[in-house]
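Each chain, written out:
2 protein chains.
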Amino acid sequence: MVLKRKNLFNSLLFSVFLLLLFSSKIFAEDGYRLWLRYDRVADENKLNEYKKNIKAIHFPGDSPVLKAAREEFLNGIDGLLGMRVGFTEKITENGILVVGTPESSKIVGSLKFSNGLKKIGEEGYIIHNVDIKGKKCILISANTDVGILYGVFHFLKLIQTNKSIDDLNISESPKVEYRLLNHWDNLDRTSERGYAGFSIWDWHKLPDYISSRYKDYARANASIGINGTAVTNVNAKALVLTPAYLEKVSALADVFRPYGIRVYLTARFSAPIEIGGLKAADPLDPEVRKWWENKVEEIYKYIPDFGGFLVKANSEGQPGPQNYGRSHADGANLLAGALAPHGGIVMWRAFVYNYDKDVDRAEEGYNEFVPLDGKFRDNVLIQAKNGPIDFQPREPFHPLFGAMKKNPVMVEFQITQEYLGQATHLVYLATLYKECLEFDTYAKGEGSTVAKVLDGSLFGYNNTGFAGVSNIGTDRNWTGHHFGQANWYAFGRLAWNHELTAEEIAEEWIKMTFSNDKEVVETLKEIMMASREITVSYMTPLGLHHIMAEHHHYGPGPWVAVSGRPDWTSVYYHRADSNGIGFDRTKTGSNALSQYYPEVGEKFSDPKKCPDEYLLWFHHLPWDYKMKSGKTLWEELSYKYYKGADSVKWMIDQWSSLSGKIDEERFKHVSTFLKIQAKEAIWWRNACILYFQTFSKKPIPQEHEKPSGTLEYYKSLKFPYAPGIKPSW
Amino acid sequence: MVLKRKNLFNSLLFSVFLLLLFSSKIFAEDGYRLWLRYDRVADENKLNEYKKNIKAIHFPGDSPVLKAAREEFLNGIDGLLGMRVGFTEKITENGILVVGTPESSKIVGSLKFSNGLKKIGEEGYIIHNVDIKGKKCILISANTDVGILYGVFHFLKLIQTNKSIDDLNISESPKVEYRLLNHWDNLDRTSERGYAGFSIWDWHKLPDYISSRYKDYARANASIGINGTAVTNVNAKALVLTPAYLEKVSALADVFRPYGIRVYLTARFSAPIEIGGLKAADPLDPEVRKWWENKVEEIYKYIPDFGGFLVKANSEGQPGPQNYGRSHADGANLLAGALAPHGGIVMWRAFVYNYDKDVDRAEEGYNEFVPLDGKFRDNVLIQAKNGPIDFQPREPFHPLFGAMKKNPVMVEFQITQEYLGQATHLVYLATLYKECLEFDTYAKGEGSTVAKVLDGSLFGYNNTGFAGVSNIGTDRNWTGHHFGQANWYAFGRLAWNHELTAEEIAEEWIKMTFSNDKEVVETLKEIMMASREITVSYMTPLGLHHIMAEHHHYGPGPWVAVSGRPDWTSVYYHRADSNGIGFDRTKTGSNALSQYYPEVGEKFSDPKKCPDEYLLWFHHLPWDYKMKSGKTLWEELSYKYYKGADSVKWMIDQWSSLSGKIDEERFKHVSTFLKIQAKEAIWWRNACILYFQTFSKKPIPQEHEKPSGTLEYYKSLKFPYAPGIKPSW
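Residue numbers (numbering that gives the first Met the number 0), protein chains in the order written: chain A, 0 to 728; chain B, 0 to 728.
FYI, nobody ran anything at the bench for these hints, they're computed from the structure.
Model, not experiment: these values are computed from the prediction.
Any copy will do: because identical chains look the same in the list, a pair fits if it lies in one copy or spans two.
In the DSS-like style, the derived pairs of lysine-lysine whose C-alpha atoms are separated by at most 25 Å in a straight line are:
| hint | residue 1 | residue 2 |
| --- | --- | --- |
| 1 | Lys674 | Lys204 |
| 2 | Lys667 | Lys66 |
| 3 | Lys214 | Lys510 |
| 4 | Lys118 | Lys156 |
| 5 | Lys717 | Lys204 |
Using the sequences and the accompanying hints, generate a full structural model.
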């Protein structure tokens with residue numbers, strides 16, 4: 000009996016010890032951990048199943064990437080299963096996890112891969128249940144160390160999302176090669192269009208002080224397959240190319256490298272003048288070429304795996320080759336030539352437009368670049384925004400997708416919500432991204448989706464890429480809004496595999512970030528899936544676009560009529576008058592529609608066939624135009640604005656129903672932000688309806704409540720310190 | 000036996016339960032919790048003693064302040080002792096903690112206070128071991144709820160610092176009435192001279208979103224007795240006085256109120272023009288007066304306990320009464336008149352100087368304000384920096400202290416380390432503050448210390464105050480450097496009680512922030528106590544001052560000879576030439592020394608008697624001047640610079656000796672910053688020695704290593720994005 004008591008005592012003491020051990024894993028729910036939370040699996044059956052299947056681990060290898068992968072694995076299992084897994088050199092029992100490349104592990108090297116590692120390329124991985132020496136094992140394998148890292152993250156996700164791990168037959172590889180975040184971060188730590196505080200790059204203290212955020216940033220990106228980051232603003236300063244800053248960038252690259260992430264920089268086209276002391280930056284000038292060659296060589300001394308340059312040239316005041324009468328191809332090839340020997344690439348942005356009263360701004364990117372197709376060097380990608388204007392809540396796809404057949408076009412999505420409520424609106428953007436990816440360009444007949452252009456399968460592009468403009472800042476939860484994390488996550492997942500549905504991505508993100516509870520998952524998925532359409536409704540329904548306030552883009556500004564340039568106003572885009580509203584982009588108007596393949600043109604050219612979502616993007620229609628719904632255009636517009644604002648209340652109700660199922664800290668935070676969203680949705684609705692009413696001269700349909708403020712009130716609102724713009728702007 | 004086993008089992012289960020309960024209290028050691036860490040008492044004997052003495056608590060009362068105090072108490076005891084204390088209405092056993100004012104608690108109301116609550120004023124408190132109804136109790140009492148709050152923080156500190164609680168006879172009240180932080184924070188969230196990230200005030204999301212930081216900020220301040228905060232930059236924008244911003248300020252005030260903290264704003268003198276539409280802001284214009292009266296009334300509608308205005312006028316480009324030919328008294332009285340009916344005050348800064356080639360900048364504050372003594376309204380305080388120039392590593396005290404006899408002068412200390420290594424140097428500033436406070440002004444004969452001027456005892460001031468320019472920012476640990484927290488802490492403690500020694504304050508801060516381990520306490524105290532003198536040595540030894548780089552003030556710049564104004568250069572202050580170095584402020588020079596009382600003058604006027612610390616502040620001396628040490632001035636100067644830089648290595652050794660006794664996260668963070676400090680100390684040393692050598696023409700004494708860089712190299716260093724300045728400067 001005494002003995003038994005002692006045993007009992009010891010076993011309980013051991014429990015206490017375990018609790019002490021793991022209590023250090025308990026964190027404040029401030030969102031810092033993103034989707035990599037690794038909290039104990041709540042489902043006891045699942046927990047036991049996992050423990051049964053993970054008895055020990057065989058995971059040799061000493062490369063920095065493998066070390067990072069192993070550390071992640073151990074921390075993940077420690078948190079998720081509450082146990083330290085032992086290492087084994089030999090397969091002596093069931094339940095051993097075997098992780099490695101044929102090079103890093105002799106055991107893996109000795110296996111025969113029936114369906115081969117060959118198919119999965121340099122970044123792919125497989126996760127299989129296999130028999131090794133008669134023992135049931137789980138194999139995570141890849142051709143490269145970074146493949147192993149991705150495989151480890153995938154395996155941890157299986158547990159985080161409570162998936163079964165006894166019938167695994169996973170084979171993954173990315174559909175696109177360059178998967179980058181673009182940080183529009185300035186060297187003074189302001190972040191252009193950033194709404195989550197300030198830049199996480201503490202340039203001043205680099206390279207000496209390495210914030211712990213840098214590694215967590217790399218982990219988060221690696222977990223979703225992002226393999227590159229352009230750390231500086233496209234509105235660039237040449238200073239970042241000087242030794243003092245290259246040393247800092249190099250320190251960041253050192254942190255990112257074990258996570259398979261390369262650093263890219265934005266290159267200011269006039270850098271040879273500003274930091275090189277040259278008189279000009281003409282791309283055809285041999286002295287300029289030499290300067291860039293030397294500069295690039297210098298960069299590679301600091302960062303041996305430097306990724307390349309992201310360039311905004313001859314756009315919104317940035318210098319470029321046209322300053323010297325040269326083309327974008329001349330400019331891009333200058334930099335690409337310098338980078339080519341080192342394996343670097345140029346991402347040359349297609350976001351260029353100069354005001355010309357005879358040309359629709361929507362047409363300018365196409366006009367500039369299509370004639371240059373085939374003239375860019377092999378290591379150049381043309382980076383086009385998803386739509387032809389500028390990251391609006393809804394745009395049709397950019398006509399460059401499908402039009403550039405020789406030189407690859409990559410897409411630039413905006414993750415930061417410049418035009419979608421900034422930090423405080425819950426808007427899940429995967430549906431927006433998917434809408435673009437699934438558009439059919441008809442470039443090679445039906446099925447020529449934007450996605451197929453981007454992944455290179457349509458035209459056989461030699462390089463492929465996705466860029467996402469980051470929503471990351473110094474806010475504790477990284478993205479300001481807890482749900483902003485979902486957009487970072489979704490971008491990464493789609494860059495890896497654009498065939499995933501928005502719903503699938505939402506589901507795994509919710510499970511990892513909040514809970515596997517069915518009600519939580521279903522409710523949040525419903526909110527997320529509806530959120531972007533709701534936002535479009537209270538901001539820019541029926542194809543309206545670019546009617547936000549000036550400069551800071553915070554809130555509505557349909558009345559903006561005078562600006563630095565006509566194509567920076569709102570009236571340029573909505574063209575409301577007593578006759579009607581909308582931008583005629585058919586033959587009777589700007590004819591921008593003609594930039595698309597005829598099949599696309601057919602879908603949109605007739606207002607009767609044109610989907611409501613794009614109606615006012617392509618057509619100017621009278622206020623009493625009869626909509627498909629039977630309502631007049633004015634009634635439908637009003638309905639959309641009211642419906643959108645009302646739907647935010649629905650979102651609040653849905654969220655509130657989860658009280659008690661979400662930790663208090665995040666529950667309260669999101670609740671507060673939803674209230675702000677509801678308030679601002681009404682602000683958008685009232686301001687736009689009252690403004691457009693001055694043209695329609697029609698009453699707001701009776702079923703809708705009257706706006707509380709006057710148009711003058713809404714016009715009077717000023718926000719001189721709204722975030723995301725530099726104070727000096 | 001079965002029963003016993005069950006008992007054992009239950010008691011162990013209960014331990015497990017407790018551990019689960021408290022495990023949620025375990026945090027990452029990122030410094031966010033400041034000195035309010037409340038981790039379990041490590042000393043088992045102490046822990047048991049505390050538990051024995053705290054059996055239950057009697058703590059009634061429902062005011063917001065009492066609720067905040069009770070919440071703090073419960074969280075503190077929960078963490079420190081690992082137990083939830085039960086409440087009791089009656090005194091039925093020993094070990095009851097009785098907390099309340101005579102109003103909030105009937106039990107307290109029934110007590111007879113032999114040494115009285117009368118003596119401790121509105122913010123004081125007592126903590127006594129008392130017998131109540133024959134039971135041994137601990138009493139925390141005060142006249143007001145905020146006194147209780149302060150008492151609770153003091154009681155928790157006793158436990159945090161492992162003090163005995165069985166012989167308590169504490170009676171505390173602040174020596175100074177207004178104890179404020181000044182935030183030089185802009186509305187765009189940049190922070191002038193801020194080195195810990197950006198402003199913690201998220202103006203854009205206020206008043207809707209209340210960051211959890213605001214409450215933690217209030218808790219930290221209340222714990223050290225700070226009772227006011229001026230939330231906006233002294234280089235002010237009138238916009239903060241408009242309704243949209245007052246609503247935001249009001250939301251902050253609501254968070255701070257339960258912690259006894261009032262909000263103050265900076266008032267831009269030209270606000271009547273900028274936001275009031277008036278043509279001028281002449282303080283004698285009745286229309287202007289009316290405007291301020293109305294504005295102040297409006298402010299009090301938003302914030303009923305609004306504290307008042309902090310004003311920088313006619314200083315460094317800020318508008319002020321002199322724009323209209325009026326005096327500082329006219330200006331201050333204008334605002335004071337508007338505030339008086341509401342109980343608000345004006346803190347009018349004495350930091351004014353206009354370049355005049357015949358006047359030493361050190362004299363200007365005195366010249367401006369002494370003639371106005373007695374002309375300010377009762378609710379005005381003149382806020383003077385500790386020294387006559389500008390927060391230099393070492394300055395003599397400001398001659399206004401002792402010279403203003405009728406209108407009170409309050410002190411402005413800088414907590415943010417603008418001139419003391421910014422975020423990355425470990426410099427404990429309590430020794431600097433104490434040096435100022437202990438200076439003898441001789442205003443009323445020997446013993447007329449600055450402290451006695453400030454606490455009102457010397458001249459019977461009706462108002463007294465301390466202001467500290469905040470070092471708080473968005474960095475996770477609040478102050479960038481973990482040891483920056485000590486300066487925030489020390490400022491508060493000295494504002495409460497200037498008689499505390501720097502050492503006492505360091506000791507309690509170390510124990511609360513790091514550990515009660517003797518070696519940790521002694522070693523850190525030694526580092527901290529030495530740190531400021533070390534910094535003076537490698538930056539500005541022997542009374543040198545204002546020789547830093549321009550604008551950002553980061554690093555050395557003794558060569559700065561051309562700037563916006565001569566008194567913004569370095570050469571204006573060090574006056575080095577082939578004959579010698581130093582600023583002659585005696586009769587043969589600017590005679591600024593004559594602004595002090597004669598006894599002070601005597602101490603400094605003869606270079607042979609003048610302490611080395613102030614030698615070059617008051618004297619210009621030849622390079623081969625014989626110092627008290629026997630060395631020449633040049634040798635002594637070199638010695639100081641080398642000694643200072645070497646001493647940082649000593650700090651590193653000391654810190655390193657604590658490896659294993661400090662949590663890894665903070666240990667590594669501080670180690671990194673110490674390495675930066677060592678590097679920058681050598682930078683300061685080399686740059687200054689090489690520069691001054693161009694005048695002294697003497698070799699660097701043989702025992703010192705040769706500087707690694709050239710003077711040209713050091714002069715060439717540029718830091719366009721150094722923090723703490725607005726990008727547009």
